[in-house]
Structures are given as C-alpha cells and as structure tokens.
Amino acid sequence: MDLTKYERPFYSINQFHSAHVTELKGKKFKFVMDGGYDYYLNFIGEDTLTWAIDDAEPVEAVYECLKGDDTTYIMDFDVVSTLETDHRQNETFVIDLEQRLVTRLLCTVGYNKRLPFLVKSEFDFGAIDVEGRELPFRRHCWSSEMLGTRVEWHWSEDMWTHHKYYDAHFYTLTWPDNSSAVANIGDPFEVLPSHDEVAFYVKIKENMYLFVLTEELMERTLQGGVFRSNNMAFLQNYDRMYHAGRTFGSINMDGKIVPCRTLFGAFGAPLVLRDELLYSDNAYTV
Amino acid sequence: MNRNTYVWDDKGVYVKNLCNDGSKYGITQYRYPLNYELAGEKFELACECGKEFTLEFLCEKNLRFEGAVYPYEALKAGPKLYFVLFNYTWAVVDLNAKAVTVNIDGDICCTTIKGAEGAAAHTFAGDEMVGTKLGWIFGYGRMLTQDFIGEDRVKAAWSPKDEKFAENAYRAVKIGGPYYLVDMKTDTLSKVCAPFFTDHVVLLQDYDRCMAFGAIYGKGFEPMAVTAYARFSY
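Protein chains in written order, with our numbering: chain A, 1 to 286; chain B, 1001 to 1234.
Warning: the hint list may mix true and false statements.
Which stretches of chain A does chain B cover? Using the computed rule of at least three CB atoms under 8 Å from a CB of chain B, they are [to be verified]:
no., segment
1, 19–32
2, 149–158
DSBU-like cross-link-like pairs, simulated, lysine-lysine; straight-line CA separation at most 35 Å [to be verified]:
no., chain 1, residue 1, chain 2, residue 2
3, B, K1133, B, K1164
4, A, K25, B, K1174
5, A, K25, B, K1191
6, B, K1042, A, K27
7, A, K25, B, K1024
Calculated from the structure, these hints are not laboratory results.
By construction, the Cβ of each residue, glycine as well, lies at the ideal position given by its N, Cα and C atoms.
Working from the sequences, and respecting the hints, build out all of it.
Take a look at the structure:
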C-alpha cells in the first residue's frame, strides 16, 4: 500500500515536532531568579509536575517538554487555576542543564481591556541551584546576534515558511507559493499592512536562541481573524538547524474563541529572499 | 558575493546570518537530540525462535547486551518508542507493545519483554510497503528517495539527484500504527550525500508525523545516528 496516503490528522505547524520528553521525571529543581524569588519545579511524573514560588504551597500542573539539544529543554505548562477563565496563564522555561541556567517566560491573556485576547510576555533569567556548588554568574541574555538571519522552516510534509529576523523587536513572516502555508495561514495577511510581528530574542548558548513572537500587530489590526494573538516560543538550534516550541493563545473555531495550544517543530534550510522582501519596510513602525 | 546571502546595514556594516547548510554534520545534520529515558531500564527478552537476551541501559551513555557493555545513542521516535544505535547494530525498543526488535549479526530478531502483560512481538511487513515512494531529507540538500517496488526490493537514490536509481534489497518490520522499520542495503556510493562506503541504512519510519529516526552504517566509519523528514513531491 502507499503509506504516503496513511490516514493522518490535519497538520500545519505541528507535524514535525519531536515526541514529548519524559526524562526529567523524578528530578527536582530550584531556580534562583534574577527577579528576586526562587522557583521550584518537581517533576513527579511523565507529564505532571508541581511548581511553587518561594514558600508558597506547591501546585500541580500538566507539562509538555521538548529538547533543543541533548541537555537543553523547553518545557511549559498552563497555570491550572487560570484555565476556564479569561485570564489564562502559561509558564514556559528553557532549562539548560549544561550551563545550569534557566529562562522563564510567563504569558498572560486577558490583561488588556480593549484587546482581551492579546498575550503579554514577561521574561526572567536565573540559575539552577545545585547543593554544594556556587551559582553561575552568567545568564541567558537578550541578544541581537540573530538579526540578519533568514531561514526557510519546514513544518510539515507540505508546509514551509520564511522567517526574517531583522529588528530587536520584530520579525517578518512570508512563504513561497508552493507551500501549503498559502492555504493554511495566508488569508489574514492579505489585508494586513505588512508581514511583521512583535518578537523577542534571547541567547541561550552559542548557536542556540529562544525566539518568541506574539501575534500582536495582527490582533490590533484585525481583532477578528482566525488566530487571536498567539504567542509562539521557539528554541532554535542553529548548529543543526531545527527548532522545537509551543504556542499559547486563542483561535476562532467556528465563531467561538477557544484556547490555541500546540507543540511544534521544524527543520531549517538556507533561504534566498527576493529583494522586495529582504529590504521591505515594517509598515507598523515610524 | 551574493547580495541575498549576506546583509549589510545602511552604514555598510555586515550583519551575520546564523542560517547555514549544516555541512559540518553532513548526512547527520538533522539528527534530533539524544534521548535518555531508557537509562536505568533493564529488559529480559525472549524470541519465538527460542533465543533469550538481556538488554540493560546502564546509564545515559552505556548499555549491556549479551554480557558486553557498549556505548549507545537513543532517538525517541514516538511515545515510548525508541531507535537505539549500539555496537554497529540497532534495536527498536517499543514500550507500548512491550517488544524489542534487535539486529543480531544480520538477523532481525523480534522479541518481547519476558513476563510483560500484553506483550506482542513486531512482525515482518511483507509487501505492506510496496507502492510507497517518497524522499527522506537528512539535512540541507541531503536526500534519500525510496520507491518500494517489492516486498524485498526498493529503488533508491541519494542526492545530488541521481537519475540512475539503484535497486536495493531491504527488510521491513511492522512496528505498529504508522511505524515501520526499514533496513536497506546499498552499494558503494560515489559523489552523493551519504558516505562513500555506506552499506546499509536503517530507518524507523513514521508515516503519521512523516519523520524517520535511524542510522547509517558502512565500512571505515562509525555508524551515525540520523533523523530525516519526508517529502512526497521532490
């Protein structure tokens, strides 16, 4: 039989993500955060953990975990008490066992009265406390090193997109005509002034970055598209050219706004952008 | 110098591009991070043919098989499903079916974990893959095309695209669901993306997520773990 026709669900950005990683099961962490608090994670199961800040009572959550390289993880969970509310929160961590460093990304919806689906991103950096050893003084850090980078990301068997990282606060998304991205994600962009979006760039280590985007400009402009301000966190490995990540936000499903959550992954390839894309203006900025 | 490959700012300062072709890794460019979930696990295995083995993952780096200790590399292909490269051979550890398929001196042995409730050994795929034709991309510009034309014959070509497809022998094991283990022999390769003395390629192929996890073997080089994604049109 022709296995390329294997009956599979519809995939867009979520076909090429690796399997959920459970190897942190049984591990406990104390993160000493630069924000002035300690964050405790206890991986009690293959997909469950407890978390606590300082002396607070530990709270259970269901987590997802992927790897960016052999010793670096992107792990996230929704804050249970905020589920089924209009102010959901998601905690995402890059746990870097090689350097004993951690990056925390706290995402919140429902903070903006005018745009209730907008996702706010708050970052903090810290170190992993290990008994008997001094805390590292280095940190993951904001970085401009990715700027100038253009990549063709292959998300699924038939979908690939082009990313241009050109500004400390923005990136550009495009796609070629032969990608299913035209049908899957193309419609809203036809009425947007440009393909730029809000972005954050964090250096994790040499050739590894946490790239985070939020569909904020789209939400401010359309306030009614299919995607309602999703936040996407990518742990990007430029050594081997792939990434792993997760989304957190909202999506319009048949007229009802529901949470949008998925894991994703993609393989990267060099890209030649046409000049009009390479040197295009960001229509949202002065 | 190609203007699109390099970018300067408006003052003429070069802006670097982190994107690259992974040339330092060659065919192994897209190899996914190693997985350490099997560390500490010990499996007593039994095959219908009467053979029995012990496979013990001593730590994140070494395993013991038939009494000898070897370094290993494990790639996670799906929930509780692993491809393991060790001692110039391989094993597929499937904790869903409580089954381990292992290549021992060229013989593929489909075993189950002794005493595990509901254990079901993997089976040979027969002609199930016949009619399947696709490309596997291991890195930028590094592709293997496979056209399964019989239950033991596959036409294969490596990039740079070779008009002369070679007809190779293969064996396939049905792991369950969308997963198939394909062990393909290949003649000596020249001027392609795989190493010159490659003699067989083993891929645990997932036809749901369209990815493959496996290894490349040959003379004169250590076996190399690989990850690939599928393209149906190329």
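So, going through the hints one by one against the coordinates:
1. 19–32: holds (count 5)
2. 149–158: Coverage by chain B holds for the segment 149–158 of chain A (7 residues, Cβ < 8 Å).
3. B/K1133 x B/K1164: 16 Å, holds
4. A/K25 x B/K1174: With Cα atoms ~30 Å apart, A/K25 and B/K1174 stay inside 35 Å; holds.
5. A/K25 x B/K1191: 45 Å, violated
6. B/K1042 x A/K27: Holds: B/K1042 and A/K27 sit about 20 Å apart, inside 35 Å.
7. A/K25 x B/K1024: This hinted pair holds, its Cα atoms lying about 33 Å apart.
The structure does not agree with numbered hint 5 stated previously, though it agrees with all others.
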